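Visitor: The sequence shown begins at 1 in UniProt numbering and counts up by one.
A hint or two may mislead.
As the list claims (entries may be wrong) - Straight line, CA to CA, 35 Å or less: simulated DSBU-like cross-link-like pairs of lysine-lysine:
no. : residue 1 : residue 2
1   : Lys49     : Lys229
2   : Lys49     : Lys302
3   : Lys229    : Lys248
4   : Lys184    : Lys47
5   : Lys292    : Lys116
6   : Lys278    : Lys148
7   : Lys46     : Lys148
8   : Lys116    : Lys49
9   : Lys150    : Lys314
10  : Lys229    : Lys57
11  : Lys49     : Lys314
12  : Lys116    : Lys62
13  : Lys116    : Lys278
14  : Lys116    : Lys81
15  : Lys81     : Lys298
16  : Lys302    : Lys46
17  : Lys62     : Lys299
18  : Lys46     : Lys299
19  : Lys81     : Lys57
20  : Lys81     : Lys304
21  : Lys44     : Lys150
22  : Lys298    : Lys184
23  : Lys229    : Lys184
24  : Lys57     : Lys184
25  : Lys44     : Lys299
26  : Lys314    : Lys278
27  : Lys292    : Lys314
28  : Lys81     : Lys314
29  : Lys46     : Lys184
30  : Lys81     : Lys46
31  : Lys150    : Lys116
32  : Lys81     : Lys62
33  : Lys248    : Lys49
34  : Lys150    : Lys57
35  : Lys278    : Lys298
Unchecked claim - DEER-style ranges, computed between Cβ atoms:
no. : residue 1 : residue 2 : range
36  : Leu36     : Phe70     : 40 to 48 Å
37  : Lys49     : Arg145    : 22 to 30 Å
38  : Glu151    : Asn72     : 16 to 24 Å
39  : Asp328    : Gln55     : 17 to 25 Å
Rather than coming from a laboratory, the hints here were simulated on the basis of the structure.
Please read all numbers here as calculations on a predicted model, not as lab measurements.
We put the CB at the ideal spot given by N, CA and C, even for glycine.
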Amino acid sequence: MNYFIQAGSYVLVILAAVLIVFIGISLFSPHLAVYLLRACSYGKGKKPKHYADYQQKVRIQKNISYSSDFTNNRLDIYSPKENSQPKGTIFWVHGGFFVGGNKEKATYWSTMMASKGYTVVSIDYQVAPERIYPGPVQQMQDAYRFLKAKEQDYPMLDLARLVIGGDSAGAQLAAQFLTIQTNKDYAEALGLEQVVPIETIRAALLYCGPYHLQGILEVRDPARRFFMKRIGWAYLGRRDWENSLEAKQASIVEHISADYPPTFLTDGNTSSFDLHAKAFERALRANHVQVKTLYFTKKDGKIKHEYQFDLSTKQAMLAWEQTLAFLDEHILENTKKEKL
C-alpha cells in the first residue's frame, strides 16, 4: 500500500514539475502552447446519416497548388457531378486557433454542400507563428487570384456568384477578408488590395468565429485565458498584443460598412464565441446588412465550439439546412431577379 502511495506522490511531483516548466517557458514564448494546441485532434467532424448518398453526387479534386509566397498553398474543389452550371462557389477557410488545423476539417460539410449544387473551394494556408498576421488574409488573396486566373480551367467555378465563409479562426479570417473587400478605407489602412469585385460577393457564412480579437481574453476560465493569450501572441507576433494596432485591425466589429454582404452567423453556447457573434450581428444590423442567425439557449443543452461539423447531431444538421435555405434565398432568388 505504501508503495502505491509513494509511486503516486512521485507522479504528482513529476506532473507538477512539468507544469511549472511549461508555464515558465510559456512566459517567454508561445511555442509550447502552440505545439500543444496543434496536438489536439480536429479530424473531419462526424458524418451524417446516409453520407454515401451525398458523396456519390460529388466530384473532389484534392491538393491543387495555388501560387503564393507562403507555404501550405493547397486547395480542394468539391463540385456537383451532374450539374455543369453550379449554383455558386463557396470559398471556405478552416479554423484551428490561427496556429493549426487544415482543410480536411470541412470535408463532410463541403461534400454535402456540393451535393446540393454548390462548388466549394476549401483552402489551406500557412499558420502562426511561422506566418504571422496578416499572412493568412494575404494568402486568401493569393488563392482567389489563382482561381480567377484559372477560372476557364475549372468550369465548375462560378466566381460571379461568390460566397465567402469559414469556421472558428477561419470565420474571423473570412470576415476580415470581406471587410477588406467592402471597406476601401479599411483596406487602405491595412495596405491590402481589394481583389474581389464587390458585386460578385453574394453572401457570407461565418461559424463560431472570434470577431472581436481583443475580446478573446474575456473568459472566466484561467486555463482558457492562458491559451488565448498565447494564441494572440503567436498570431500577432508580440507578447503584449491586446492593445496593438494589429489587434484593433483584426477586431472587425468596428469596421463594418453598409456594403457588407448578407451574412449567416451561428455559434454554440459552450466554450465558444457566441457573444462575439451577437456583437458582430449588432454591427451588421446597425449598417442595415441582412443577417440570419442561429444561436442556442441553455434549454438546448451544451452546444460546443465548432458544433456544426458534428453532422451526426440535430443541431449541426439544422445549421446545414438553414445555411442552404439562406444561400438559396440570397443566390438563387437574386439570380432569378437579374434574369428578369
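Visitor: Now, for every hint given, state plainly whether the structure supports it.
Guide: Evaluation of the provided hints:
With a CA separation close to 39 Å, the supplied pair Lys49 and Lys229 exceeds the 35 Å bound. Restraint check: the Cα-Cα separation between Lys49 and Lys302 comes to about 22 Å, which is no more than 35 Å; the hinted pair holds. With a C-alpha separation of about 15 Å, the suggested pairing of Lys229 with Lys248 holds against the 35 Å cut-off. Between the alpha carbons of Lys184 and Lys47 the distance comes to roughly 41 Å, so the proposed pair goes past 35 Å and is violated.
Using a Cα cut-off of 35 Å, the hinted pair Lys292 and Lys116 holds, with the two alpha carbons roughly 20 Å apart. With a CA separation close to 33 Å, the supplied pair Lys278 and Lys148 stays within the 35 Å bound. Only pairs whose Cα atoms come within 35 Å are accepted, and Lys46 paired with Lys148 is accepted, the gap being roughly 32 Å. Taken as a hint, the Lys116 and Lys49 pair is honoured in the structure, with Cα atoms around 16 Å apart against an allowance of 35 Å.
Using a Cα cut-off of 35 Å, the hinted pair Lys150 and Lys314 is violated, with the two alpha carbons roughly 38 Å apart. Our distance criterion of 35 Å between C-alpha atoms is broken by Lys229 and Lys57, whose separation comes to about 43 Å. Restraint check: the Cα-Cα separation between Lys49 and Lys314 comes to about 11 Å, which is no more than 35 Å; the hinted pair holds. Taking the CA atoms of Lys116 and Lys62, the gap is near 19 Å; set against the 35 Å cutoff, the hint holds.
Only pairs whose Cα atoms come within 35 Å are accepted, and Lys116 paired with Lys278 is accepted, the gap being roughly 29 Å. Of the pairs offered as hints, the one joining Lys116 and Lys81 holds, with about 10 Å between alpha carbons and a cut-off of 35 Å not exceeded. Between Lys81 and Lys298, the direct Cα distance comes to roughly 41 Å. Violation of the 35 Å bound is thereby established for this hinted pair. Pair hint Lys302 plus Lys46 holds up; C-alpha atoms about 17 Å apart against a cutoff of 35 Å.
Note on Lys62 and Lys299: the hinted pairing is violated, with a Cα-Cα distance of about 41 Å set against a maximum of 35 Å. Proximity of Lys46 to Lys299 is assessed by CA-CA distance (about 23 Å); at most 35 Å being required, the pair is judged to hold. Distance restraint check for Lys81 and Lys57: the Cα-Cα separation of roughly 6 Å lies within the 35 Å cut-off, and the hinted pair is therefore satisfied. A hinted pair counts as satisfied when its Cα atoms are at most 35 Å apart, and Lys81 with Lys304 qualifies at roughly 33 Å.
Taking the CA atoms of Lys44 and Lys150, the gap is near 28 Å; set against the 35 Å cutoff, the hint holds. Proximity of Lys298 to Lys184 is assessed by CA-CA distance (about 40 Å); at most 35 Å being required, the pair is judged violated. The straight-line distance between the Cα atoms of Lys229 and Lys184 is roughly 30 Å, inside the 35 Å bound, and the hint therefore holds. A distance of roughly 40 Å separates the Cα atoms of Lys57 and Lys184; the hinted pair therefore is violated under the 35 Å criterion.
Only pairs whose Cα atoms come within 35 Å are accepted, and Lys44 paired with Lys299 is accepted, the gap being roughly 27 Å. Pair hint Lys314 plus Lys278 holds up; C-alpha atoms about 22 Å apart against a cutoff of 35 Å. Taking the CA atoms of Lys292 and Lys314, the gap is near 19 Å; set against the 35 Å cutoff, the hint holds. Taken as a hint, the Lys81 and Lys314 pair is honoured in the structure, with Cα atoms around 27 Å apart against an allowance of 35 Å.
Pair hint Lys46 plus Lys184 does not hold up; C-alpha atoms about 40 Å apart against a cutoff of 35 Å. Distance hint between Lys81 and Lys46 is fulfilled; the C-alpha atoms sit about 23 Å from each other, no more than 35 Å. For the given pair, Lys150 sits about 24 Å from Lys116 by alpha-carbon distance, which is consistent with the 35 Å threshold. Between Lys81 and Lys62 the alpha-carbon distance is near 15 Å, which keeps this suggested pair within the 35 Å criterion.
With a C-alpha separation of about 43 Å, the suggested pair Lys248 and Lys49 falls outside the 35 Å cut-off, and the hint is violated. Restraint check for Lys150 and Lys57: satisfied, since their Cα atoms lie roughly 24 Å apart, inside the 35 Å limit. Between Lys278 and Lys298, the direct Cα distance comes to roughly 16 Å. Compliance with the 35 Å bound is thereby established for this hinted pair. Take Leu36 and Phe70: their Cβ atoms lie about 24 Å apart, and the range 40 to 48 Å is violated.
The supplied range of 22 to 30 Å is broken by Lys49 and Arg145, whose beta-carbon atoms lie about 39 Å from each other. As the Cβ distance of Glu151 to Asn72 is approximately 23 Å, the hint placing it in 16 to 24 Å holds. A C-beta distance of roughly 22 Å is found between Asp328 and Gln55, which places it inside the suggested range of 17 to 25 Å.
Hint compliance for this structure: hints 1, 4, 9, 10, 15, 17, 22, 24, 29, 33, 36, 37 are not met, and every other hint is.
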